[in-house]
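The primary structure of each chain is shown beneath.
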Amino acid sequence: MTRRRWLAHIVLRALVHRWGRTLLLLAVLTLASSLATALGLVSASMKARVAEETRKYGANLVIMPESARVEVGSGGLRFGAVGEPSYLSQDQVLAALAKSGVKGDYSFHLKGALTLKGVQIPCEGVDFTQVRRLSPWWQVAGDWPRAGEVLGGSDLTPRYHVHTGDLFDFDGGKRPLRVRVAGLVSTGGEEDGTLFIDLKELQDQMGRPGQVSQVRLLADTGKGSLQEQAASLQRFLPGAVVKELRQVGRTSEELLGKVQLLMLLVTAVVLVTAGSSVAGTMSTAVLERGKEIGLLKAMGGSRWDLLKIFSAEALLLGVGSGVGGFLLGGLIAKFVASSVFAADAALRLEFFPVAVGVSLLLALAGSVGPLLSVFKLDPVQSLRGE
Amino acid sequence: MAAAIIETSQLTRSYGDICALKPLDLCVPEGEWLTVMGHSGSGKSTLLNLLGGLDRPTGGSISVRGTDLATLSEDGLARFRRDCVGIIFQQHHLIPYLTALENVMMSQYFHSVPDEAEARHALERVGLGHRLKNRPGELSGGEQQRVCIARAIINSPRLLLGDEPTGNLDHKSTTMVMELLRDLRDEDRFSIVMVTHNQEVAAWGDRTIHMDDGCLVREERTKGC
Chain R
1 MTRRRWLAHI
11 VLRALVHRWG
21 RTLLLLAVLT
31 LASSLATALG
41 LVSASMKARV
51 AEETRKYGAN
61 LVIMPESARV
71 EVGSGGLRFG
81 AVGEPSYLSQ
91 DQVLAALAKS
101 GVKGDYSFHL
111 KGALTLKGVQ
121 IPCEGVDFTQ
131 VRRLSPWWQV
141 AGDWPRAGEV
151 LGGSDLTPRY
161 HVHTGDLFDF
171 DGGKRPLRVR
181 VAGLVSTGGE
191 EDGTLFIDLK
201 ELQDQMGRPG
211 QVSQVRLLAD
221 TGKGSLQEQA
231 ASLQRFLPGA
241 VVKELRQVGR
251 TSEELLGKVQ
261 LLMLLVTAVV
271 LVTAGSSVAG
281 TMSTAVLERG
291 KEIGLLKAMG
301 GSRWDLLKIF
311 SAEALLLGVG
321 SGVGGFLLGG
331 LIAKFVASSV
341 FAADAALRLE
351 FFPVAVGVSL
361 LLALAGSVGP
371 LLSVFKLDPV
381 QSLRGE
Chain F
1 MAAAIIETSQ
11 LTRSYGDICA
21 LKPLDLCVPE
31 GEWLTVMGHS
41 GSGKSTLLNL
51 LGGLDRPTGG
61 SISVRGTDLA
71 TLSEDGLARF
81 RRDCVGIIFQ
91 QHHLIPYLTA
101 LENVMMSQYF
111 HSVPDEAEAR
121 HALERVGLGH
131 RLKNRPGELS
141 GGEQQRVCIA
151 RAIINSPRLL
161 LGDEPTGNLD
171 HKSTTMVMEL
181 LRDLRDEDRF
191 SIVMVTHNQE
201 VAAWGDRTIH
211 MDDGCLVREE
221 RTKGC
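Respectively, the protein sequence lines represent chains R and F.
With my numbering as the guide, the letters of the first sequence map in order to residues 1 to 386.
With my numbering as the guide, the letters of the second sequence map in order to residues 1 to 225.
Heads up, some of the hints might be wrong.
Capping the alpha-carbon separation at 16 angstroms, the derived lysine to aspartate or glutamate pairs in EDC-like fashion look like this [as the list claims (entries may be wrong)]:
id, chain 1, residue 1, chain 2, residue 2
1, R, K376, F, D75
2, R, K376, F, E74
3, R, K308, F, D75
4, F, K133, F, E143
Don't read these hints as lab results, they were simulated from the structure.
The task is simple: from the sequences and hints, build the whole structure.
Take a look at the structure:
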């Protein structure tokens with residue numbers, strides 16, 4: 001029998017022999033590990049849930065050219081724009097997204113105007129697929145536009161007599177443009193006074209191929225805070241300004257951060273308590289096994305040999321309870337997430353090393369004191385039972 | 001005359017103000033069976049602990065097979081114990097959750113590699129070939145002591161130390177154990193130092209030293225059985 005197999009054999013025998021204490025240690029370690037796993041899983045699930053919720057509010061970042069014009073207005077009134085219009089290159093924005101590692105849905109917007117029977121109508125060039133994904137709250141009466149179609153803001157109907165199905169001939173662009181109104185959009189915002197047209201078409205009409213006046217981005221907040229992602233993007237877009245579009249994302253992030261901190265503190269307290277309990281139990285075990293340790297020393301066991309035996313016990317307990325803690329933690333997380341946050345916390349394999357690591361760390365940390373006393377035990381006194 | 005396996009010079013062991021072993025000069029030739037007798041507190045167990053490298057002297061020197069034990073580190077003493085000495089205790093001190101076979105193999109683990117065949121052979125030599133899988137709780141006192149002997153001899157030590165090995169045994173078991181030790185010594189030619197209260201047990205040795213109050217007070221040759 002190899003030395004390693006023998007070591008495993010006697011460690012198992014010792015653990016089984018003291019099954020009551022072994023079960024107690026396993027229970028303490030499993031509970032601690034399961035709690036750490038559960039809180040981790042719940043935290044991850046909450047993050048995903050918050051990200052999902054904030055997604056409903058649309059873009060959370062906006063990218064504009066540094067000297068972009070500012071629309072001046074109050075309520076539904078528009079007084080025009082201040083400053084020269086400036087633009088961003090689509091390619092530059094796409095490259096910045098790739099380099100910064102910021103992930104999420106985005107939509108390109110080009111603001112301009114087209115002339116209909118001598119009247120200038122505010123227009124916005126968009127990719128309808130992108131907009132539809134990013135603005136789920138848009139209510140469209142009719143259809144979303146296909147090729148050769150546009151989407152009119154609901155306020156355009158009273159002002160310019162724009163109706164679904166109407167055909168319009170626009171001029172004032174690079175070439176005459178005939179489009180059909182596929183539907184009318186109502187958002188309750190400035191979109192209601194805008195005519196939405198295919199981005200590429202408007203770029204051609206305005207002679208600004210590949211250029212946009214705004215990019216709206218729904219950054220994935222699971223990859224880092226919104227502020228960090230804005231700063232990261234900003235580094236790769238020197239001629240642009242990256243702003244957080246709303247405070248909703250930030251507030252959610254802050255709230256989530258606080259909840260996570262609370263959970264972390266609770267976990268730390270539980271882990272310290274569990275560690276103390278393990279240390280106490282292990283110390284008692286060492287005291288109870290004083291004679292055995294003395295005997296092992298008398299038989300020629302070095303301090304290192306004894307350290308190996310007792311560490312192997314702690315290791316085995318740690319790994320065993322880590323596996324148990326992972327599974328139990330998954331169940332607890334599922335229960336907490338569904339009953340408190342109305343979300344699902346699926347068991348994620350990446351938390352397995354966390355569960356095993358926590359229980360292993362606790363088992364070993366709790367054993368340090370007892371192991372040191374094993375080092376110091378005098379074999380003669382131990383054998384006498386002193 | 002055979003070379004000395006044990007040599008002590010002015011060997012002393014004190015615990016604070018109490019001198020458990022007063023300066024002792026002792027020489028034990030290879031192969032000798034030395035019995036140490038004395039009342040409780042006479043210093044005989046202290047001497048045995050020093051010879052086994054379980055304790056350190058506070059004065060003088062102690063050499064076993066040419067190794068000065070006083071100079072050895074903690075780990076050096078552990079090596080000495082597993083390589084050179086076999087110890088038989090009065091209380092047997094077997095590990096309760098291991099079988100007789102495993103208790104013997106445990107000693108092999110510290111020495112080299114656990115070898116089941118060798119351990120079985122050692123138990124067969126002490127007449128316990130049929131009790132290999134029994135745990136200490138399932139063995140009689142005499143059988144437990146024989147497991148203890150098998151464990152002590154498994155690594156072929158040159159020195160066997162016995163601390164009242166028959167102290168807890170009845171007359172029949174005592175005789176059985178002593179006969180066993182005699183036979184094993186005849187085969188393996190190791191030296192024995194045995195502490196006992198029992199005159200009959202002392203008679204099995206080659207020489208007996210009597211201790212009192214930490215001093216060697218008398219020495220006598222015994223015929224050996």
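Taking the hints in turn, this is what the structure says about them:
1. R:K376 / F:D75: Roughly 12 angstroms separates the two Cα atoms, so the pair holds.
2. R:K376 / F:E74: Holds: K376 of chain R and E74 of chain F sit about 10 angstroms apart, inside 16 angstroms.
3. R:K308 / F:D75: 14 angstroms, holds
4. F:K133 / F:E143: 13 angstroms, holds
When held up to the earlier numbered hints, the structure conflicts with none and fits them all.
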